[in-house]
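Protein chains in written order, with full-length UniProt numbering: chain A, 1 to 254; chain B, 1 to 209; chain C, 1 to 209; chain D, 1 to 221; chain E, 1 to 221.
Errors might be hidden in some of the hints.
Have a look at the derived ranges for each label pair, beta carbon to beta carbon [stated by the list, open to error]:
hint, chain 1, residue 1, chain 2, residue 2, range
1, E, P108, D, G192, 35 to 43 Å
2, C, V123, A, L241, 33 to 41 Å
3, E, L202, C, Q167, 53 to 61 Å
4, A, Q153, C, K66, 54 to 62 Å
5, D, L115, A, Q19, 44 to 52 Å
6, A, W237, E, G192, 38 to 46 Å
Derived coverage of chain B by chain C (criterion: at least 3 residues anywhere in the stretch with Cβ under 8 Å from a Cβ of chain C; other residues may be distant) [to be verified]:
hint, segment
7, 124-138
8, 151-165
Since the hints were made in silico from the structure, they are not lab data.
Using N, Cα and C, we set each Cβ at its ideal position, and we do this for glycine too.
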Amino acid sequence: MWKWLHPYAKTEKTYWLCQTLLPWFSVLGLVALITGAIWALAFSPADYQQGDSYRIFHIHVPSAILSKSLYMGMAIAAFVGLVWQVKTAFMSMMAIAAVGAVVTFVSLVTGSAWGKPMWGTWWEWDARMTSQLVLLFLFFGVMSLYKSFEDKQQASKAAGVMAIVGIINLPIIHYSVEWWNTLHQGATLMKLDKPSMPLEMLLPFFVSLVGWSSACGAIVLLRIQNEILRREMKRPWVIALAQQNVTQSNTATK
Amino acid sequence: MAVLSTQNLSVIKRDRLLFDQVNLSVDSGSLLYVKGPNGAGKTSLLRVLTGLVEPESGIVFYQDKKIQKCGEDYATNLVYFGHKLGVSGSLSAVENLQYWCDSHQVKVDTNTIYQTLEKLNLVGLEDIPVASLSAGQQRRTALARLWLKADAKLWILDEPFTALDVQGINVLSDKLIDYLSKGGAVIITSHQLLELDYPTQELTLEYRI
Amino acid sequence: MAVLSTQNLSVIKRDRLLFDQVNLSVDSGSLLYVKGPNGAGKTSLLRVLTGLVEPESGIVFYQDKKIQKCGEDYATNLVYFGHKLGVSGSLSAVENLQYWCDSHQVKVDTNTIYQTLEKLNLVGLEDIPVASLSAGQQRRTALARLWLKADAKLWILDEPFTALDVQGINVLSDKLIDYLSKGGAVIITSHQLLELDYPTQELTLEYRI
Amino acid sequence: MNGLGALLRRDLSLAYRQRAELMQPLLFFILVITLFPLGVGPEPNTLKMIGPGVIWVAAILSSLLGLERLFRDDFQDGSLEQLILSGVPLAAAALVKVFVHWLTSILPLIIISPLLALFLHLTEPMYWALVFTLLIGTPILSLIGAIAVGLTVGLNRGGVLLALLLLPVFIPLLIFATSAVESASMQLQYSGQLAIIGAMFLFSLALAPFAIAYALRVSQT
Amino acid sequence: MNGLGALLRRDLSLAYRQRAELMQPLLFFILVITLFPLGVGPEPNTLKMIGPGVIWVAAILSSLLGLERLFRDDFQDGSLEQLILSGVPLAAAALVKVFVHWLTSILPLIIISPLLALFLHLTEPMYWALVFTLLIGTPILSLIGAIAVGLTVGLNRGGVLLALLLLPVFIPLLIFATSAVESASMQLQYSGQLAIIGAMFLFSLALAPFAIAYALRVSQT
Ligand code: HEM
Ligand SMILES: Nc1ncnc2c1ncn2[C@@H]1O[C@H](COP(=O)(O)OP(=O)(O)OP(=O)(O)O)[C@@H](O)[C@H]1O
Ligand SMILES: Nc1ncnc2c1ncn2[C@@H]1O[C@H](COP(=O)(O)OP(=O)(O)OP(=O)(O)O)[C@@H](O)[C@H]1O
Ligand SMILES: [Mg+2]
Ligand SMILES: [Mg+2]
Numbered sequence: 001m002w003k004w005l006h007p008y009a010k011t012e013k014t015y016w017l018c019q020t021l022l023p024w025f026s027v028l029g030l031v032a033l034i035t036g037a038i039w040a041l042a043f044s045p046a047d048y049q050q051g052d053s054y055r056i057f058h059i060h061v062p063s064a065i066l067s068k069s070l071y072m073g074m075a076i077a078a079f080v081g082l083v084w085q086v087k088t089a090f091m092s093m094m095a096i097a098a099v100g101a102v103v104t105f106v107s108l109v110t111g112s113a114w115g116k117p118m119w120g121t122w123w124e125w126d127a128r129m130t131s132q133l134v135l136l137f138l139f140f141g142v143m144s145l146y147k148s149f150e151d152k153q154q155a156s157k158a159a160g161v162m163a164i165v166g167i168i169n170l171p172i173i174h175y176s177v178e179w180w181n182t183l184h185q186g187a188t189l190m191k192l193d194k195p196s197m198p199l200e201m202l203l204p205f206f207v208s209l210v211g212w213s214s215a216c217g218a219i220v221l222l223r224i225q226n227e228i229l230r231r232e233m234k235r236p237w238v239i240a241l242a243q244q245n246v247t248q249s250n251t252a253t254k
Numbered sequence: 001m002a003v004l005s006t007q008n009l010s011v012i013k014r015d016r017l018l019f020d021q022v023n024l025s026v027d028s029g030s031l032l033y034v035k036g037p038n039g040a041g042k043t044s045l046l047r048v049l050t051g052l053v054e055p056e057s058g059i060v061f062y063q064d065k066k067i068q069k070c071g072e073d074y075a076t077n078l079v080y081f082g083h084k085l086g087v088s089g090s091l092s093a094v095e096n097l098q099y100w101c102d103s104h105q106v107k108v109d110t111n112t113i114y115q116t117l118e119k120l121n122l123v124g125l126e127d128i129p130v131a132s133l134s135a136g137q138q139r140r141t142a143l144a145r146l147w148l149k150a151d152a153k154l155w156i157l158d159e160p161f162t163a164l165d166v167q168g169i170n171v172l173s174d175k176l177i178d179y180l181s182k183g184g185a186v187i188i189t190s191h192q193l194l195e196l197d198y199p200t201q202e203l204t205l206e207y208r209i
Numbered sequence: 001m002a003v004l005s006t007q008n009l010s011v012i013k014r015d016r017l018l019f020d021q022v023n024l025s026v027d028s029g030s031l032l033y034v035k036g037p038n039g040a041g042k043t044s045l046l047r048v049l050t051g052l053v054e055p056e057s058g059i060v061f062y063q064d065k066k067i068q069k070c071g072e073d074y075a076t077n078l079v080y081f082g083h084k085l086g087v088s089g090s091l092s093a094v095e096n097l098q099y100w101c102d103s104h105q106v107k108v109d110t111n112t113i114y115q116t117l118e119k120l121n122l123v124g125l126e127d128i129p130v131a132s133l134s135a136g137q138q139r140r141t142a143l144a145r146l147w148l149k150a151d152a153k154l155w156i157l158d159e160p161f162t163a164l165d166v167q168g169i170n171v172l173s174d175k176l177i178d179y180l181s182k183g184g185a186v187i188i189t190s191h192q193l194l195e196l197d198y199p200t201q202e203l204t205l206e207y208r209i
Numbered sequence: 001m002n003g004l005g006a007l008l009r010r011d012l013s014l015a016y017r018q019r020a021e022l023m024q025p026l027l028f029f030i031l032v033i034t035l036f037p038l039g040v041g042p043e044p045n046t047l048k049m050i051g052p053g054v055i056w057v058a059a060i061l062s063s064l065l066g067l068e069r070l071f072r073d074d075f076q077d078g079s080l081e082q083l084i085l086s087g088v089p090l091a092a093a094a095l096v097k098v099f100v101h102w103l104t105s106i107l108p109l110i111i112i113s114p115l116l117a118l119f120l121h122l123t124e125p126m127y128w129a130l131v132f133t134l135l136i137g138t139p140i141l142s143l144i145g146a147i148a149v150g151l152t153v154g155l156n157r158g159g160v161l162l163a164l165l166l167l168p169v170f171i172p173l174l175i176f177a178t179s180a181v182e183s184a185s186m187q188l189q190y191s192g193q194l195a196i197i198g199a200m201f202l203f204s205l206a207l208a209p210f211a212i213a214y215a216l217r218v219s220q221t
Numbered sequence: 001m002n003g004l005g006a007l008l009r010r011d012l013s014l015a016y017r018q019r020a021e022l023m024q025p026l027l028f029f030i031l032v033i034t035l036f037p038l039g040v041g042p043e044p045n046t047l048k049m050i051g052p053g054v055i056w057v058a059a060i061l062s063s064l065l066g067l068e069r070l071f072r073d074d075f076q077d078g079s080l081e082q083l084i085l086s087g088v089p090l091a092a093a094a095l096v097k098v099f100v101h102w103l104t105s106i107l108p109l110i111i112i113s114p115l116l117a118l119f120l121h122l123t124e125p126m127y128w129a130l131v132f133t134l135l136i137g138t139p140i141l142s143l144i145g146a147i148a149v150g151l152t153v154g155l156n157r158g159g160v161l162l163a164l165l166l167l168p169v170f171i172p173l174l175i176f177a178t179s180a181v182e183s184a185s186m187q188l189q190y191s192g193q194l195a196i197i198g199a200m201f202l203f204s205l206a207l208a209p210f211a212i213a214y215a216l217r218v219s220q221t
């Protein structure tokens, strides 16, 4: 593990790794998102019960699932940072936090918008909704804890502990529907046996899930790069990079 | 073998480099006097030496072993006396010291504690809450640890003379010399001129803006 | 007319008589140095003089008037600097001083505050939370009040030299002499030898058991 | 006057600096109101019935939560003794401090209470009655609570006293407030209850500041 | 071991010294539960229905109240840095401190809860279910809460974080606990719910001390 991780503890290496991964993620994300959206909105059949409003599904569910994965990713980054003292892991943690918060927010809003036609209410104290809201708060909590320390090293450590402890919320979100029989629908996709959904609804869903994941991946990579540049502003390699960019854009304008 | 030594220590606070490349080494029986103006980083250095704070870079060795690796061994051989006294105001001096000794694996009986407090001129005040002692008396209470854990190999003292009266300063100075001559090592800061009758190694930190 | 005088002051703490029959009188331009070992009752005396604490018996007069009767008059002419600094850690030095001046009816503008802090070697630290300054720097912040309220008639200072480095002690000593020679009155305690080049009145309290 | 203004500004900016801590009563309030439906069951009728009681109890508890901090920091760092020596009338200064506390840690509760009332399925007239009673009633809590906090700031043991002093105030307050909301739910007048709460408010406004100032002076001995 | 024993003794005697402050959560708890019937109306059936939820919510809130003090004094007077330097395993020391906190400020709540259950017209099986869930469930709150308190002890602003970290624990805890009491009220088995709460307890008991110790170390930087 350490052997593999070690080179990426150096910020410069990580920067270039992000740089190589970025185009793949961006292109895949863009293509999948566009195909998924067109497929889901125009071609996939309407639900026999819910009519067209079910199409929110294609945003709601990918964002809901992704929000949990992002949290997990953040917590893993925190764990790596805490155990192996890897600075770049903490940077990734903070890069994921903001993206995760946005995605969680999207899932809440779409869920809420879906709830209005389906259940006749925007909000209910359903255990899943509440725990998903808590997930949003946890993302905010990690970010605000990080902000409230002067010393960024200390801040990363504290925020990391918080991120790891917050993992308890993930199983709660997943199982809340079983524990508490209320409005929200039980697992239909994430079941071990056959998913109870027609294939022509399922396929566009998977395409949009891939799209969402890659797009978020791309944004996270960008944010990591940004953070590295900001922290290492005075390091020679960053200065060299900046000068190179300037000369390039100069030659481009000429 | 040095009791405590460091290798290229540097510490950053608020993006300001307080010091870097500090290499020091304290042997048994020697006294290191850390000097410097307010805000130079003396307290920060001492806290790094105790292991409470991680330095930005560099290593601290206790008997040629990294302090992170020493575990309890370093703890049982160290007394740190900082700006904060580490006594709780609602407990009495005796209670505070008894607890401190027990938690630091120092075996003492109550009698010894009373005798120590007597040496420090706290007769009659042993059993009242520390919060209702005067400033100097509170510091004396905390300083009693030096008497109780005199077999530690290293004392790290951050401004131990603050708030003490002349008699208190004398008692403490005598204790320091006694401890040093028995082979203890001391790292100390003080804004009051250190007038110990003992060879003194000095380390001066500068205030960098 | 004495700036401050007392008549048969006595103070009891925990059934112990700290002192009794203290009669003192401080004139404009004179310096009273209250001496005594730890726990003698210096802080207790000073707090009685400010009016924060009621004495067991006896009276404190400000310009021949009981301080309880003076109302704001005494407050506007007094600076008290005690063991506790009276600055809040989450505000910056400038904010703390600005508030202090406003609440004490001292008119200053922000520039003056910055200049004062510069004199006290706090350049660059004016706008960060006081809690993240070093021990000595925090005390310097609180001491800046003496520069800002130099037209007060009386300063009561409880161990103002604590935690200051040599340069800080010099700056403060110079300020004290300057203030005294302009007609101010000072009551001070210090365990560090007071080496002011100024005629000094002394009051020694004993430690009674 | 200048001194009081400075105190007001300083306390506000301290509150802003420690805004994370300020969020505490608010979050606590939200917490209570979130937890209740989860604990009691989400049945709209039950919620509607217990709603006003829950919100009032939650408001009382949240206001207790921040109260202890009212003079504690100032006492510990010595700002309190400097304030006493500043010549600013202490009763007025106490009033300013209580006001800032109310403004920063209780007013937000009242402001978000419509949202929470929605969650608990209160009707609109009930909601207005709730807001009015909270607006007039909560300052009483702050004022009386501050006396207890002042008395014990030096002793570092406010708990019991706080509760003992507050209990006789809470009970009538709670009874009148919930009865006002009940009247509102039945479309009845509730100005009588409001008037009584208002009288309690004026009474405590007139006397509490002096009691607080005295308590603070005693803490210095 | 000796060190831990000393810590236990010292924290207990500190708690005894500050017993007035310790009474606070207890009084608070009683306050909530007596105020409820006043605020909600004294109808026995309603009370019985909402009773377990109310007691659990009240217990959660009261335990929050004292938690912030858990490491604050020790941090401020420097006892914490001496503890870290003492060589006592910090995770074990953290566990001892949490245990003392639970013992002195939460156990009393559980002890008086039969009395309060009476006020709320709970039946005996319901009461036992309540006590069991409280006994196993409240230590979880203390353990997880202590992490948040440790993380922010240097910042002097624990509130928000405390609530945030605790919410995800509250929700399942509350759901299982109230469902256990409900089962009890219908004379059904509730060992399933107890088992889940017990598992949560063991899990947090195993991991929380290390997180707390780490948080405390970070606070020294
Ligand atoms: C604000 C309201 C809502 C929130 C916070 C919310 C939250 C979530 C979350 C967190 C998931 C992911 C669960 C997991 O991965 O285990 C999810 C999945 C899902 N949601 Fe929602 N939701 C809301 C409203 C709705 C509504 C109104 C509907 C439709 C009636 C709906 C239908 C679904 C479906 C079908 C899934 C996929 C279930 C699965 O296979 O696991 N949600 N929701
Ligand atoms: N918690 C903190 N956060 C940010 N900066 C700090 C913190 N503590 C200290 N500093 C900064 O580090 C510098 C060194 O502080 P330190 O306490 O080590 O000084 P010192 O040499 O002990 O001074 P003194 O003689 O006044 O005790 C100070 O300039 C201070 O501004
Ligand atoms: N709050 C209090 N309650 C009870 N006794 C007190 C209190 N404060 C001080 N004392 C007692 O009064 C005596 C005098 O205390 P005081 O603080 O006045 O001493 P001091 O001369 O200022 O000492 P130092 O030089 O240490 O500052 C002390 O012996 C102390 O025990
Ligand atoms: Mg220092
Ligand atoms: Mg004194």
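So, going through the hints one by one against the coordinates:
1. At about 40 Å, the beta-carbon gap between P108(E) and G192(D) stays in the expected band of 35 to 43 Å.
2. At about 34 Å, the CB distance of V123(C) to L241(A) agrees with the hint of 33 to 41 Å.
3. Distance hint check for L202(E) and Q167(C): the Cβ-Cβ separation is about 59 Å, which falls inside the suggested range of 53 to 61 Å.
4. Between Q153(A) and K66(C) the Cβ separation comes to about 57 Å, which falls inside the hinted range of 54 to 62 Å.
5. A hinted range of 44 to 52 Å for the beta carbons of L115(D) and Q19(A) is consistent with their spacing of about 45 Å.
6. Look at W237(A) against G192(E): about 59 Å separates their beta carbons, and that is not inside 38 to 46 Å.
7. Three residues within the 8 Å Cβ limit are the bar, and the segment 124-138 of chain B against chain C gives 9, so the coverage statement holds.
8. Counting residues of the segment 151-165 of chain B whose C-beta lies closer than 8 Å to any C-beta of chain C gives 5; at least three are required, and the coverage claim holds.
Violated hint: 6 only; the structure is consistent with all others.
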